[in-house]
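Heads up: the sequence lines are chains A and B, in that order.
Quick note: our numbering has the first sequence finishing at residue 261, numbered continuously throughout.
Quick note: our numbering has the second sequence finishing at residue 313, numbered continuously throughout.
Keep in mind the hints are simulated off the structure, nothing from the lab.
Do not take every clue at face value.
[Stated by the list, open to error] Simulated crosslink set (DSBU-like; lysine-lysine; CA at most 30 Å straight-line): (1) B/91 / A/242; (2) A/175 / A/242; (3) A/93 / A/110; (4) B/76 / A/33; (5) B/156 / A/28; (6) B/91 / B/156; (7) A/93 / B/274; (8) A/17 / B/49; (9) A/33 / B/49; (10) A/110 / A/154; (11) A/242 / B/49; (12) A/254 / B/88; (13) A/254 / B/91; (14) B/156 / A/242; (15) B/152 / B/274; (16) A/30 / B/156.
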Amino acid sequence: MTFMQRLSDFSATVIEKESMAPGIWTIKLKPEKLRLRILPGQFFMIRAWSSKDPFLFRPFAVSGKNPDGSVDISFKVVGRGTELLAECERGQKVLMRGPCGNGFPNPLGKRLVLAGGAMGIAPLLFARHYYESSIRTLLLLGITGEPEWEPFSKAILQKFPDTLLFSENGMIGRKGTIVDGLAEILDENDEIWACGPEGMFHAMGKIEERWTLPIWVSLERRMACGYGGCLGCAVQTREGPKRVCADGPVFRLKEILWDEP
Amino acid sequence: MALNIGGLEFKSPLFIASGVWPMDSAEWPDGALNGVGGFCTKGLTLRPKRGNPGIRVWETPCGVMNSIGLQNPGIKAFLEQEYRQLEKAGKPVIFNLSFETEEELLLLLGYIMDAAGNVPVELNVSCPNVSKGGLSWAQDVNALERVVTLAKRNWKGLLWVKLSPNVSSFTETALAAEKSGADAVVVANTWLGTAIDVSRFEPVFDNIHAGLSGPAVFPLALRLVWETYAAVKIPVIASGGVCTWQDAALMIAAGASAVQVGSALFSDILATAKMYEGLSSLLEKRNIGSVADLTGIAHGRRRDTNREDLRHG
Numbered sequence: 001m002t003f004m005q006r007l008s009d010f011s012a013t014v015i016e017k018e019s020m021a022p023g024i025w026t027i028k029l030k031p032e033k034l035r036l037r038i039l040p041g042q043f044f045m046i047r048a049w050s051s052k053d054p055f056l057f058r059p060f061a062v063s064g065k066n067p068d069g070s071v072d073i074s075f076k077v078v079g080r081g082t083e084l085l086a087e088c089e090r091g092q093k094v095l096m097r098g099p100c101g102n103g104f105p106n107p108l109g110k111r112l113v114l115a116g117g118a119m120g121i122a123p124l125l126f127a128r129h130y131y132e133s134s135i136r137t138l139l140l141l142g143i144t145g146e147p148e149w150e151p152f153s154k155a156i157l158q159k160f161p162d163t164l165l166f167s168e169n170g171m172i173g174r175k176g177t178i179v180d181g182l183a184e185i186l187d188e189n190d191e192i193w194a195c196g197p198e199g200m201f202h203a204m205g206k207i208e209e210r211w212t213l214p215i216w217v218s219l220e221r222r223m224a225c226g227y228g229g230c231l232g233c234a235v236q237t238r239e240g241p242k243r244v245c246a247d248g249p250v251f252r253l254k255e256i257l258w259d260e261p
Numbered sequence: 001m002a003l004n005i006g007g008l009e010f011k012s013p014l015f016i017a018s019g020v021w022p023m024d025s026a027e028w029p030d031g032a033l034n035g036v037g038g039f040c041t042k043g044l045t046l047r048p049k050r051g052n053p054g055i056r057v058w059e060t061p062c063g064v065m066n067s068i069g070l071q072n073p074g075i076k077a078f079l080e081q082e083y084r085q086l087e088k089a090g091k092p093v094i095f096n097l098s099f100e101t102e103e104e105l106l107l108l109l110g111y112i113m114d115a116a117g118n119v120p121v122e123l124n125v126s127c128p129n130v131s132k133g134g135l136s137w138a139q140d141v142n143a144l145e146r147v148v149t150l151a152k153r154n155w156k157g158l159l160w161v162k163l164s165p166n167v168s169s170f171t172e173t174a175l176a177a178e179k180s181g182a183d184a185v186v187v188a189n190t191w192l193g194t195a196i197d198v199s200r201f202e203p204v205f206d207n208i209h210a211g212l213s214g215p216a217v218f219p220l221a222l223r224l225v226w227e228t229y230a231a232v233k234i235p236v237i238a239s240g241g242v243c244t245w246q247d248a249a250l251m252i253a254a255g256a257s258a259v260q261v262g263s264a265l266f267s268d269i270l271a272t273a274k275m276y277e278g279l280s281s282l283l284e285k286r287n288i289g290s291v292a293d294l295t296g297i298a299h300g301r302r303r304d305t306n307r308e309d310l311r312h313g
């Protein structure tokens, strides 16, 4: 991909911070020196602390890119690293590593479905925005019954009012899973891009078996390096083991062998 | 900053440790190889290995545990593909080898000789010795001596032995490696630990145990470097938690001729490049001619201090 920019470590400033729901944030990070070239699906490793503890960067999808050169990172607080990132205030410096990974393949000329499971919608928000003027995209969000996803869904709807929303318990949007929703719209579309919990991909695998349209998924794994060195994030595929950080995070769903390491 | 190990010249005493560097040049981050004297390959085995299932990396305070399982394409595919990429970096490549039997080691050396010549090799003796029921080579001094002797007889290039800290007497293994013809000992590999996930009360790793590295192990590695330097005459290459130029300088002062950098790159991709800058300016400021002049210097100071104490006592 000629588009890709070589990965590096650099510092960035928090220029905006917005609460989407309890424990869920979107922050805008502006790199100090470089101008980033990124594709939807690429990600950054971020550390909001300068000490060696916590020791590792944390991987985050890009959920938006702004004209001023800043990127949006939308995330849910799940542990120490995300907690420290959520504590950052405007003006604070963070360290970033990236851009990491391959990103989704060029979709030009296709009718695209973007299917996000809960926080997994983050990279798809960027895709939606990125291709807004060039192709038709349909955004789907599926959530479970935890209370924080209701205000989160409303925040997404506010930004993208035509989002098709599914909640497992029916608390907002249609009752059901995103996979139920997908089944109804497959024949009007050419390709699916998805990101979310692994269970969602398993269910989608059955769709890919029955329908011919390609499904691309963005995977999440624990990562130590983010640059393809440590092999900590490997996933087994039909072509042998691949690195989620460097060969992915985007893969053809049917290439992945879930039952194996 | 140049140095000589076993007759081979290196431009820097800083090496990238096995298992942290991408083997394909497309992923090489900008500037990260500045100041690097050479780099060790991922652990290579005779046959391809898919690596371990389940979680492979787990963060700990000031460190990281890993259980990768020697994932690699096997020596033949490595020599045909990745090695061609690595060579483009223009830095010495040290072949890190893992083997379960003596026969496997001989075959590995044979393939390397045919395709790459007398390149430096680093024996990973933390891997299991199948004839000993999976005990590592390093855990049995006789097996260690046998396998290093075998490698020495069949290898004309530089031979490093990367020792395991998970043994009862570390210096005994270092002496065994020296006696059997190692050109240098690498001190050391990761420390075996265990992680349990508090949300499930289940082991994190499928193998239960995994190797700990990062700044958390620095004092442990420093101790082993100190003791090994006092025990052997061959060069000691330090490896364990080195993150800054100060850490590197301390390893050298404790007896290291060279230093390997591993997990440090996870938290700073330019760690080695920065260490090189820091070490160079240290040598210049203190008017120290070379890294060799700094090697083991803390042992001398310690003896002087003892004499001082005696005089005053």
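Quick rundown of the hints versus the structure:
no. : hint          : result
1   : B/91 / A/242  : 26 Å, holds
2   : A/175 / A/242 : 36 Å, violated
3   : A/93 / A/110  : 39 Å, violated
4   : B/76 / A/33   : 43 Å, violated
5   : B/156 / A/28  : 56 Å, violated
6   : B/91 / B/156  : 20 Å, holds
7   : A/93 / B/274  : 20 Å, holds
8   : A/17 / B/49   : 45 Å, violated
9   : A/33 / B/49   : 41 Å, violated
10  : A/110 / A/154 : 28 Å, holds
11  : A/242 / B/49  : 12 Å, holds
12  : A/254 / B/88  : 34 Å, violated
13  : A/254 / B/91  : 39 Å, violated
14  : B/156 / A/242 : 35 Å, violated
15  : B/152 / B/274 : 35 Å, violated
16  : A/30 / B/156  : 53 Å, violated
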